[in-house]
Amino acid sequence: MTQLLLLAVINGLIVGAFYALMAIGLSLIMSLSDVINFAHGGFLAVGAYLAYSMAPYLGFWGGLIVAPILTALLGLLVERFLISRVYGRDPLYSLLLTFGLAFIFEDVTRYIWGAQSLPYQVPGWLMAPLSLDLFFLTGYRVFMIALIVLVVGALFWVMTRTRLGLRIRAGTLDLETVSVLGVNVRVLRNLNFGIGIFLAGLAGVLAAGQLGLTPTIGSSLIMQSFVAIIIGGLGSLTGTLLGGLLIGLAMNVTAVFLPSATEAVIYVMMALVLLVRPQGLLGEEGRF
Amino acid sequence: MTFDVKKQAPNIIVWVLLLTLPLWIEHAGSYIQLGTQVVVMALGAMALNFLLGYTGVLSFGHAAYFGLGAYGAGLTLRYLAPSTGSAIVVGVLAGMVAAAVIGPLIVRLRGVYFAMVTIAFGQVFYFVAFRWNAVTGGDDGLTNWKRQPLHVGPMTFDIQSNATNFYFFVLAIFALAVAVMAFLLRSPFGRTLIAIRENERRTRFMGINVNLHIWLSWMISCTFMALAGTLYALLNNFVDPRALFWTQSGTFVIICVMGGMRSFWGPLVGAAIFVWLQDYLSSLTPNWQSFVGLVFVAVVLFFPRGVLGILRRRALE
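Residue numbers (this note's numbering), protein chains in the order written: chain C, 1 to 288; chain R, 1001 to 1317.
Derived by calculation from the structure, the hints in this document are not laboratory data. A portion of the hints provided could be inaccurate.
[Stated by the list, open to error] Ranges between beta-carbon positions, derived for each pair:
| hint | chain 1 | residue 1 | chain 2 | residue 2 | range |
| --- | --- | --- | --- | --- | --- |
| 1 | C | V180 | R | W1015 | 34 to 44 Å |
| 2 | R | G1207 | C | S179 | 29 to 39 Å |
| 3 | R | A1028 | C | S179 | 26 to 36 Å |
| 4 | C | S179 | R | G1111 | 42 to 52 Å |
| 5 | R | D1139 | C | L118 | 28 to 38 Å |
| 6 | C | S179 | R | E1198 | 21 to 31 Å |
| 7 | R | Y1079 | C | W125 | 49 to 59 Å |
| 8 | C | L118 | R | W1015 | 48 to 58 Å |
| 9 | R | A1182 | C | D90 | 32 to 42 Å |
| 10 | R | W1024 | C | D90 | 31 to 41 Å |
| 11 | C | I112 | R | G1085 | 24 to 34 Å |
| 12 | R | G1085 | C | R186 | 14 to 24 Å |
| 13 | C | I112 | R | F1183 | 34 to 44 Å |
From the three backbone atoms N, C-alpha and C, an ideal C-beta is built for every residue, glycine too.
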């Protein structure tokens, strides 16, 4: 039992870190641009499939680096030519726009790569368990965690130590003032969107190694990221990270005791958080 | 009260078209079940528009209540009683109770945050339907049941095998539901909802309990949505978890926007266009989903007011 629970906790943290990666990207975009990016899962799938297609030429490591960058470039284009056109209008329109994009992304990936599930090759030595006692702890999982920690750490560094991060954080509080102070808000939002999509693309490559590839990979993962944001508190990156880890843990621990409630448990958590702290665990009061 | 023909013209046109639909639908190259589907989707979209268009609250999770209605009706017919009437009552109650419980958790939220929480909450019902295999049939859907003929006193209406009869049955319920919604919107309560949409803060300063009104509007909206869901299940004699999936919620919102959110009949126009377009595209190409997505993008970028919004603006100019 202890062994099983330990497995659930470690697995939960891994899955949670993955949700956090996706949720942080969503949260960045939502905080600065007031857009719920329903196409986030679509970008994730694109990242995953790009890595799959590039693997024969660039190998696993090349794909891991290049695919998220290409996905981010696609994100910059989509933001520049589509999403930026609905800023300042009723938020309804941005939601519908990204909704439509989500449909298109899913269908186009199905058209190009097929509806059937594809395996994604991870280097053999990464798939081997690290020790016999902890058979489930493959190198890939440890690597996944290390990479996510590295990337999230880098993101926090950017947000707190660089001018870009300072402007993004200021923009989430008062975009108009930031604009008046001479910052090009259009570029700022564009870059911010690109960062968010980069994280989605990276999450896609990592998910591909763990779950395999299907066109619906994105739409099946995005709701958990919403829950992570709501639990952690919108506008707080630390909160979102915490929310992601919490739901990952909750899902995996529940799966040990009551497998049929694996998904439902995070919505119960969300309901409790909304009841007690509507702004989320680390969210600021009065923002929404 | 005098009868103002000009003011009543839209109502007359809508009802004449709907009542005569079985006569002309096949000449228009379509079939009666599609007409029924339009009416069902229109009822759902009008229910959503009660909240979205008239209260100004951004709900993206309405598929949940649509699906609850559908599963409520399907499960009743499958396990409880072979009665279409009870199926509808149970489905509507299921949606209403769920909305009443979730309401207090969300009425304090606004804007995109409200949208995100409602859509996330909707997913819980999807997972229940998906996971609870023994009862709901899981991913394969709930089968082995059929809508039953309707008994009213000594009379029996065959809505089971006669598609035209079923259409008129759905239309009668639609008429009733729409009449109730129109009545509510004209009442002081409805005017209060519009006031909240126009300026929430000012409405609050007038001493109106805004959150209570939003909760009530949310419940009314979800209840009628569940009603639409029950009819949808009866139409297909089948329900599957896709009726509850979050993408279905977006469909209802785009139907409202496409027809015109600020017009009472807008969602009906949107439903007619959307249902027909989806049917046409899916017969044309397996990649119809991309085209539906393109419709979303095009509506947002080029026709944000919807069909009736554009027509009304033309009429004013």
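Hints violated by the structure (listed by number, smallest first): The structure conflicts with hints 1, 3, 4, 5, 9, 11, 12, 13, although it agrees with all the remaining ones.
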